[in-house]
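For reference, the chains in residue letters:
2 protein chains.
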Amino acid sequence: MVYVDVGANSYPVYVKAGILSDVGRITRDKGIKKALIVTDNNVGPLYLKKVQSALVEAGLKAFPLTLPAGESYKTISAVELIWEAALEATLDRKSLLISLGGGVIGDLTGFAAATYMRGLNFLQIPTTLLAQVDASVGGKTGCNLRKGKNLVGAFHQPIAVCADPSTLLSLSEREYCSGFAEIIKHALIASSHLLELVENNLDLIKKRDLTILTQIVEENVEIKAKIVSQDEKETGKRALLNLGHTAGHALEELGDYKIYHHGEAVAIGLVIATQIACERGYLDSSYLSRIQALLCSLGLPISPHEEISPEIWWKRTFADKKQSSGQVYWVLPKVGGLANYGEKVEFNEFAKAVRSLGKG
Amino acid sequence: MVYVDVGANSYPVYVKAGILSDVGRITRDKGIKKALIVTDNNVGPLYLKKVQSALVEAGLKAFPLTLPAGESYKTISAVELIWEAALEATLDRKSLLISLGGGVIGDLTGFAAATYMRGLNFLQIPTTLLAQVDASVGGKTGCNLRKGKNLVGAFHQPIAVCADPSTLLSLSEREYCSGFAEIIKHALIASSHLLELVENNLDLIKKRDLTILTQIVEENVEIKAKIVSQDEKETGKRALLNLGHTAGHALEELGDYKIYHHGEAVAIGLVIATQIACERGYLDSSYLSRIQALLCSLGLPISPHEEISPEIWWKRTFADKKQSSGQVYWVLPKVGGLANYGEKVEFNEFAKAVRSLGKG
Chain A
6 MVYVDVGANS
16 YPVYVKAGIL
26 SDVGRITRDK
36 GIKKALIVTD
46 NNVGPLYLKK
56 VQSALVEAGL
66 KAFPLTLPAG
76 ESYKTISAVE
86 LIWEAALEAT
96 LDRKSLLISL
106 GGGVIGDLTG
116 FAAATYMRGL
126 NFLQIPTTLL
136 AQVDASVGGK
146 TGCNLRKGKN
156 LVGAFHQPIA
166 VCADPSTLLS
176 LSEREYCSGF
186 AEIIKHALIA
196 SSHLLELVEN
206 NLDLIKKRDL
216 TILTQIVEEN
226 VEIKAKIVSQ
236 DEKETGKRAL
246 LNLGHTAGHA
256 LEELGDYKIY
266 HHGEAVAIGL
276 VIATQIACER
286 GYLDSSYLSR
296 IQALLCSLGL
306 PISPHEEISP
316 EIWWKRTFAD
326 KKQSSGQVYW
336 VLPKVGGLAN
346 YGEKVEFNEF
356 AKAVRSLGKG
Chain B
6 MVYVDVGANS
16 YPVYVKAGIL
26 SDVGRITRDK
36 GIKKALIVTD
46 NNVGPLYLKK
56 VQSALVEAGL
66 KAFPLTLPAG
76 ESYKTISAVE
86 LIWEAALEAT
96 LDRKSLLISL
106 GGGVIGDLTG
116 FAAATYMRGL
126 NFLQIPTTLL
136 AQVDASVGGK
146 TGCNLRKGKN
156 LVGAFHQPIA
166 VCADPSTLLS
176 LSEREYCSGF
186 AEIIKHALIA
196 SSHLLELVEN
206 NLDLIKKRDL
216 TILTQIVEEN
226 VEIKAKIVSQ
236 DEKETGKRAL
246 LNLGHTAGHA
256 LEELGDYKIY
266 HHGEAVAIGL
276 VIATQIACER
286 GYLDSSYLSR
296 IQALLCSLGL
306 PISPHEEISP
316 EIWWKRTFAD
326 KKQSSGQVYW
336 VLPKVGGLAN
346 YGEKVEFNEF
356 AKAVRSLGKG
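If you read the sequences in order, they're chains A and B.
For the first sequence, counting from 1, position 34 maps to 39 in the numbering used here; every step adds exactly one.
For the second sequence, counting from 1, position 75 maps to 80 in the numbering used here; every step adds exactly one.
Bear in mind the hints are in silico, worked out from the structure with no lab data behind them.
Hints may contain errors.
Heads up, the list lumps identical chains together, so a pair's fine if it works in one copy or across two of them.
[Stated by the list, open to error] Simulated crosslink set (DSS-like; lysine-lysine; CA at most 25 Å straight-line):
(1) Lys-38 to Lys-55
(2) Lys-39 to Lys-320
(3) Lys-263 to Lys-35
(4) Lys-38 to Lys-320
(5) Lys-212 to Lys-21
(6) Lys-231 to Lys-320
All figures in this text were calculated on a predicted structure; none of them were measured in a lab.
Model the full assembly from the supplied sequences, consistent with the hints where possible.
Here it is as structure tokens:
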């Protein structure tokens, strides 16, 4: 169990195979009597009954809501469906919303929980690797606007996160691999140990061994929890978590969110940031090859499928919402599992890194 | 100037005729460079240019957005229009949303500010009496769902509130009078002085004298600020502010929000709560006549236009969202400008109060 220390809103993250069966006890112990479980039509058929039974056995009333799966449904209309279902189920401020699914379901349900009756309890059950190591920890919730991703949202910490690594066994190969981009990101910004743990256990990782997955998820949650607890509302150090995302987000956008999964775009973004850091001498140049080899072994891309002009890509990095007053700040990795945030990068550095992609 | 003390999010409320012209300076002093002013088609034609000029003269970029006026537009669709206008105006987390109008515009704009990019600066310019003495102070923001009022929202404190009593000169008689229900409510829960101030200045109040209005608004803001600072998120004492609202909200609902303005329904709710309190001996029975006379003098109703069965009315009080686990808690006034919250009221007490309405 990892504890996320955010003052009065602190909460535990349970990482354990089989934890789904404990959701009822965890919830009942907090005095909650009524819950709405929000899931999607991919995840619902696999785990909804299990979670609902666990709640009912613990004496709670548990209502289900299944939304269509996919990023294109991450809209305010989906949030409205959750609000309306909450009202239908007569939830009040002491009730609970539970998200059962990946990042999209977690963000939507969290935002509904942040705003229904000005805030009620929220519990996350992340079922993808990406959601377990990243999205479910930190309290960021929200949805997309027609003209931009994640432009609407709120910080709303859950009362608990229950991450069951055995749910990772049902992921497609592509979705499973995508999750490793954020894991490598966490390793780069905070932990040489995690980097070596992944490098030294590639076979077990490919077999989705539950022992190594539990260890990896837990170490990731620890890293993210530590950063979030130092900067809950993203006014400083939390920016470290954007490593690989400046170029990565821009690439996702250029592909209209259809060509690259988030983790795939972030993997390529990590290569670019590492390349720039090596050029600057922040890292030994052998480090770039090491990261490229690791990402490849994990089934992640290290260059775009088609050549992209550095000018067009660069321009897109300025459309990201984290910009303030036109300046884009980068995160660059450094020796020893550390990184700097707030770095200014010049176009020629970026262009050089882009041109050398796939020529490693 | 009144200071609302809510820790790190504390802010000033300026109550001054002519303060609209100072909005530019107040905003610039906080380092803000870009603002979106949200107003409605009643208030916009009167004050939008003035506020926009004040901002531009202080060196800010100021964009306008005019929404249709009225409670029926207090929807998530209206909030979406604000989000989209904010994006169009390229607002970022350091920019500002300004509400210029009554309670509906304040709540919608505040909710957009709470959620656009997970929260940006918000400044309130309330232009109705109700908004100046009540809605603009305390950080409650939100919108309605199809099936219930104010079911969606967030606590989001503004960086400042600028209440200009001279905007009250343009209100219709009915809207002006409605605002006094919340004023009498504040007097009942916290201030014999305010009650006497209103009673002793009815002529000046009818003439909308700016000196007395400034004093009244300021005393109200002080009362609300004190309660809010003791209980920002409404977990305890803030419930006091619901005096008159248990029966009042139910009455508004019974009239489908078409028959009674909010203040009118609250006025009748205040009479019912006062009657119950007198019956219980919390107050001398002469107090009821005093409150009824005062509300009448202020142009407010003290009984429904048509007889309503106590059974139907009582049932509606249970539909209010503040209920938790089926119990409705009332606020009842006591001797000396005080009140109790968390009171259980029996149906027969309520029915007796309802039956005696209009028979004072």
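> 25 Å Cα cut-off: does Lys-38 pair with Lys-55 within a copy, between copies, both or neither?
Replying inline: For Lys-38 and Lys-55, the Cα distance is within 25 Å only inside one copy (18 Å; across copies 52 Å).
> With identical chains treated as interchangeable, where does the CA-CA distance between Lys-38 and Lys-320 reach 25 Å or less: within a copy, between copies, both, or neither?
Replying inline: Only across copies: Lys-38 and Lys-320 sit 23 Å apart there, 51 Å inside one copy, limit 25 Å.
> Is it within, between, both or neither when you check Lys-212 against Lys-21 at 25 Å Cα-Cα?
Replying inline: Within one copy only: 18 Å inside, 70 Å across.
>> Within a copy, between copies, both or neither: which one fits Lys-39 and Lys-320 at a CA-CA cutoff of 25 Å?
In response: between (48 Å within a copy, 22 Å between copies)
>> At most 25 Å between CA atoms: does that hold for Lys-263 and Lys-35 within a copy, between copies, both, or neither?
In response: neither (41 Å within a copy, 41 Å between copies)
> Is it within, between, both or neither when you check Lys-231 against Lys-320 at 25 Å Cα-Cα?
Replying inline: neither (33 Å within a copy, 50 Å between copies)
When held up to the earlier numbered hints, the structure conflicts with 3, 6 and fits the remainder.
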